[in-house]
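Enquirer: Listed below are the residues making up each chain.
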Amino acid sequence: MTVPHHAAGLSWRFSTWWVILRTALEERLVYRGDFALGTLMRFLPILTQIFLWFAIFDAINAQQGNTRESSTAQIGGFGFRDMVAYYLLTMVARAFSSMPGLASGIAQQIRDGEIKRYLIQPIDLIGFLLLTRIAHKLAYYAIAVGPFALVFFLCRDYFVTGWPSASVMIAFVASLLMSFLIGFFLEAAIGMIGFWFLEVSSLLFIYMLFSFFLSGHMFPLTLLPEGIGSIVQFLPFKYLAYFPAAVFLGKIPSEQLPMEMAIQFSWLVFFLIVCRLAYARGVRRYSGFGG
Amino acid sequence: MDDPATKESKPVGPNYWKVFLTFASNSLVRDMTFRVNFFLQCVSSIGWTLMNVGFYLIIFQYTGSIGEDTGWDRDKFFVFLATTWFVNSLVQAFFMPNAQEFSELIRTGGLDFALLKPIDTQFLISFRRIDWSALSNFVAGIVIAAIALYSLATREVNPMIPSLISVLLYFVFVVCGVLIMYSLMISLSATSIWLGRNQTLYNFWFYITNFSRYPMEIYDRGWGKPLYGFFTFVIPVLLVVNVPARLLARPIDPRTDWEWMLVGWALVATLVSLATSRWIFKKALLSYRSASS
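These protein sequence lines map, in sequence, to chains A and B. Here the first sequence is numbered in the working numbering, starting from 1 and rising by one per residue. Here the second sequence is numbered in the working numbering, starting from 292 and rising by one per residue.
Keep in mind that a hint or two might mislead.
[Stated by the list, open to error] Computed list of lysine to any residue pairs in SDA-like fashion (alpha-carbon distance at most 25 Å, straight line): (1) A:251 <-> A:95; (2) B:516 <-> A:52; (3) B:516 <-> A:54.
No wet-lab data here; the hints were simulated from the structure. Note that this is a predicted model, so its numbers are computed, not measured.
Can you make the complete structure from the sequences, with help from the hints?
Expert: Right, here's the structure in full:
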């Protein structure tokens, strides 16, 4: 390149992004067969969930004297079919918000000193990671859309209300995109803890455990008892799984929806700032040795 | 592997029990070297247990039992849950780290060294490492079982105290369950000899055993029946927890022929699984080509 990097400005920046994006995409598509199979396998636990919830609702119906066909039993605002649809939708949400290997990757780069690269090259670490993550996700969706479509088609009867309205659909997509960004900045911030503690894997495991429970991946958060439930609703974790699914199923009243979206956006900004701050602070106390 | 040459020259075989104890103490030393890590692992295991207990407590807020007429009410289901915890913690403590390491040994060619040792390879592969922190879940299981059994014995509606014979049978069939799981795991990890590497082993394991974590009655309807049959008779993971839990959580006397048949089948299935896994393991070793040079 003849033009010096810093002089080329925006167009150089875009071409860098494009190269990063394309490389990461190609990297990912190498294992597409493994990928598609793995994605399909991930739906297996849903199968047991269907049976489990059917049995639970069966018992509830029997208690209330309903017949199976005319069943209107609901728990936490979810009927049997809603419940299954909910689990399927959290799979979609998690496909956006889960960041396998992000935090541990950052911590590892800090530990083995690879992070020096970003301190001397004109590339921003967080920006670079975000781009690679976007590329990975895009590649993932390109392959996973097949298995996902298949499973959703097979399970279409569980979506009792059919497709949501256009405005809800837009909110759903927006909440998914924001859940991706929240997931990214949250996990990246956790990875930055590596600047202070060298070993974060156990900490990460505990975080993952809590996020599994508090994000609503395990069950809809509305099932929680009153006191705990309202606290959990205030936490950011619900945007990683529960919230997008609840939006799609119309469980969020339409008058509350704009407010909820705004709160989600605020969390996104919050984690973005935390992540940036942690990085800036971490780099200041970081000392790289060796070559 | 049994090498006839070494057998002849060494009439006295290794003392397996002593070797096992050495493995156990080595692992304990290793675990205790990273004490904070060990502690955090225990904490996260207990956290996972609490979450599951919380989940089922929430479910039993809304329903009296899992499934209509299945008899799995809250106390009995928690006996079931404790059984799941016993089996899983034993498998995770004794076999899981080894199965993972086995795949790694195959990939790196380190299996060569295991094959050269004058001891049964399957034994060496299966017991080398013990994850002591996984046993924290065993303790958690004891707590759950104790509370559930106490509540079952003292409640007003249908109190029940398990008889001595059902407790004895319970222990026998928990061991059977662990052995079935072990056979499945060793067979799965042996396949990595053929597949080269087996990164999805843990996932696959999780998905299969996922079926064993619920009362088998819930699959016994509609399109669940093929699953019920498959996971009872072909890959018998449904027996692992269901048979012992049922023996302990229900009175031993009025039992249907079907239930006794399942108990008998669990015994047979354990033996068949062990034999099959041994066969698969040996077969897999025959096609092992070292990865080095």
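Enquirer: Indicate, hint by hint, whether the structure satisfies it.
Expert: Tested hints:
1. With a C-alpha separation of about 21 Å, the suggested pairing of residue 251 of chain A with residue 95 of chain A holds against the 25 Å cut-off.
2. For a cut-off of 25 Å, the pair hint linking residue 516 of chain B to residue 52 of chain A stands: about 14 Å separates their Cα positions.
3. Restraint check for residue 516 of chain B and residue 54 of chain A: satisfied, since their Cα atoms lie roughly 14 Å apart, inside the 25 Å limit.
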